[in-house]
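A.B. asks: If you want the building blocks of each chain, they are given just below.
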Amino acid sequence: MKKTLLVTLQALLLAGIANTTFAADKLVFGIALEPYPPFSFKSGKGEWSGFEPEMITAVCARMQADCTLNEMSWDGLIPALKSQQVDVVLNSLSITPERQQVIDFTQPYFFTRALWIGDRGLELDPTPDGLKGKIIGVQGSTTHAAFVKKYYGASSVRYYNDQDDILADLRSGRIDIMLADQLVVEPLLDNPDNSMLASKGVAPMDPLFGDGVGAGVRKGNDALRERLNVALKSLRDDGSYEKIRQRYFKTDISAL
Amino acid sequence: MDFHWLSNFYSELVKGAGLTLQLLLISGFFGFVMAVGVALGRLSKNRFLAEGLRFYTSVLRGTPLLVQIYVLYYGVGSVFATFPLIRGSLFWPYLREGFWYVAFALTLSVSAYVGEVLRGGLRAVPRGELEAARAYGMRPWLVLRRVWMPRALQMLRPTLAGESVMLLKATALASTVAVTDLLGAANLVRAQTLRVYEPLLVVAVIYIILAIVIEQGFARIGKTPQRQA
Amino acid sequence: MTLSDISRLFLADGWLQALAQGMVRTLGISLGAFVLGLALGLIVAMVKLKGPRWMVVCANCYTTLYRAVPELLLILLLYYAGADLINLTLAAFGQPSVEINGFIAAIVVLGIVQGAYSGEIIRGAIESIPHGQIEAAKAYGINRGLLVRRVILPSMLPFAIAGLSNLWLVLVKESALISVVGYSELLTAGRQAAASTKHYLLFYLAVGAFYYLITLVSSSVFRQVEVRFERWMPRHA
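Chains A, B and C supply the protein sequences, listed in that same order.
By this note's numbering, the letter at position 134 of the first sequence is numbered 165, and the numbering carries on one by one without gaps.
By this note's numbering, the letter at position 222 of the second sequence is numbered 231, and the numbering carries on one by one without gaps.
By this note's numbering, the letter at position 40 of the third sequence is numbered 36, and the numbering carries on one by one without gaps.
Everything labelled a hint here was simulated from the structure, so no lab data went into it.
You may find that some hints are simply not true.
Lysine-lysine pairs mimicking DSSO-like chemistry, simulated, CA-CA at most 27 Å apart [claimed, not checked]:
id, chain 1, residue 1, chain 2, residue 2
1, A, LYS165, A, LYS181
2, A, LYS165, A, LYS113
3, C, LYS194, A, LYS165
4, A, LYS113, A, LYS250
5, A, LYS113, A, LYS274
6, C, LYS134, A, LYS73
7, A, LYS181, A, LYS163
8, B, LYS24, A, LYS163
9, B, LYS24, A, LYS181
10, C, LYS134, C, LYS44
11, B, LYS54, A, LYS180
12, A, LYS73, A, LYS57
13, A, LYS73, A, LYS274
14, B, LYS24, A, LYS165
15, A, LYS113, A, LYS57
16, A, LYS264, A, LYS57
17, A, LYS264, A, LYS250
18, A, LYS57, A, LYS180
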C-alpha cells in the first residue's frame, strides 16, 4: 500500500514537472498588424518579416521555447498582454514610466529618436512656437503622440491608427508635419515617391520618449523577463544581434 | 474601475461630444433636405430620374458606410497629390479635414436611407387628402408643403427618430479617419491613460444619453394625428 | 489608369484573389454571427414575452444598450472585455488562459450585437402569430418545449423573414467594422492592397463593388425565400 502510494506520488510529481516545463515552453508574442518597416511588416506571401520577427525567432531559439505570433491592432497589444492573450510584446514598445506602471520591460534591445518630417518646400520650425496653428500627424498610443500632446497645445494634432495613413496625408498635404520613429521614416525619404518630403529635425530627448525600446511582459512575470534578458544578452555577446541588425540598419542602434 | 482620469480628460470628452453633435446636425439637416429631393425624384413620372435614383439609393444602402468614407477620404484624397493647384483653392481648408469627408459621406447616406423612408411615407398618405387640396386649386408645391409632406412626416415620426439615432451611431466612424469625435476622444484617453474599459464605458453612457435625448425630442415635436372619422 | 493597368494589378499581381479571399472570410464571419444572433434573439424574444421580471429588465437593458451605442464602440469593448472575461473565468477555475481565435472572436462580437436587433424582430413576429393557433396547441396539452419547436418557430418565420433579411444585409456591412480591430476580412484586404500599390481610389471602389455584389445576390435570394414563405402566412378571413 505504502509502496504504490509512493510510486503514484513520484509519478504525479514527475508529470507535474514535465507539464510545467512543457507549458512554460509555449510562448505567445503579440505583434501589431499595422506595417512598421523595417521593424515588422508582412511580406507579399503573408509571412512576417523585419528586424523584430527575426529577433523573436532568435530569442526563442536561445530560450528553447516554442513561440507563436498573435497579430492584432497596435493599441490592443498592452491590453492583450494584461489579459493574458499574449505573453510578450517585442514590437517597438518604448520603455516609458507610464507603461512601466502597468507592465514590466526587459533590458532595452535598441534605441531610437523621433524625427520630424515635412514638406521640403515649406519652412517648418519644429518647436511649439514654430508649429503654432499647424497640423501635426502622429500615430495614436505612441510616445510621439504623448510628446506632441504635452508640448504642442497650440497646434492641431491628428491621431492616426496606421503609420502609412500619416504618410499618405502628409504627401497629399492634409497635414503639415509628422513626428515618427527616426529608424522607420528616415529610410522612406530615400524613396523617390517621397521626394517632396524632407527631415525637419530630430526631436529633443525627453522622458516621454522613454529610455530605449524593450520587450514587454506582464507585471510581476519576473521569471519570463529574466529568461528574455538572458537570451537577449547571449544574442549580443556572440554577435548574432549584430548580424540581424546589419540586415536592416546601417548604423548601430544598440545605444544612442 | 478607476475614474480618476475624468478630471484630467473631461475637456477632451466635451470637445469630442461637440464634434459628434456637429456631425449629427450638419449631416442630419442637409441629408434630410437631399432626402426630400430623392424621395420626390423616386416618385416622379420621369423614368430616367426614378431609375437613376433607385441605383443611387441601392448603392449607398448596399455598401458599408466605412467603405464609403474610405473611398472619399483616401480615394479622393490621393488625387490631391497629383493636382497641387487644389492646395491653393478655396476648398482646401475643408479638404484637409477628415470631418468634412465624414459629414459629406453621412449626408449622402442619410439622403439614401431617409429618402427611401420618405418615399414609403409619401406613398402612404391617403390620396383623398391630396385630391382635396388640388380641388381647392393649390399648386403642386403648395400641396407638397402644406399637406403631403406634413402628413407623411407625422406618420413617419417614430421611424425618423430611429433613423436619427442610427445617424448618431454612424458618426462614430469619424474616429477611423483621425477625427477626434466622442469615440476618438475615448481612444485618445485610452492611449494616454492605458486604461482599457473606463473611457469606452463612459463614452457609451454618453451615447445612450444622447440617444434618449433624441428620442424624447422626436416624441415632443409634432401634433398627434387626427383620428379617422 | 488604363484598362490594361487595372487588369494587371488585379490579375497578375494577385490582388483580385486577395480581395476574393477577403470576401469569403467576410461571408464566413457574417454567417456565423447571423446564426449566433438568431439564437440570442430567440432567447431574448422568449424572455421578453414570458420571462420572469428581472430577466425582462436584463433583456431590455441589452436591447437598449445595443441599439443606442455605436457598433464600433461595442466591437472595441467586446474585443477587450470578452478576452478578459473569458480568461478571468478560466483563471477562477484554475485553468490556463486560452488564446482566442480571431475568427471566433469576430463572430461572437458581431453576433452579440446582432442579438439585440434580431430579438426585436423575432418578438414582433411571434406576437403576430394568430393566437388561436397557440391556444389550440395548448388545448391539446402539448408541453412548452414542443409548443416552441412545432408551433411558434415555424409560424413566426414568415413574419420574421422580411426583418431578418434586412438584418443580414446590415450584418454584412457591419462586418467591415471588424477591420478596425485588425481582423482580416474584405476591407482589410482592400486596405492592404491600397496601401501597397498606392492606388487608393481603385481598390476602395473595388471593395465597395464586392460588398454591393454580396448585397445584390443576398437580396435576390431573400426575395425568392420570401415568395415561398408567403404561402405559409395565414390569410385573414
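A.B. asks: Hint by hint, where does the structure go against what was stated? Just the numbers, ascending.
C.D. replies: Those not satisfied are hints 2, 5, 6, 11, 18.
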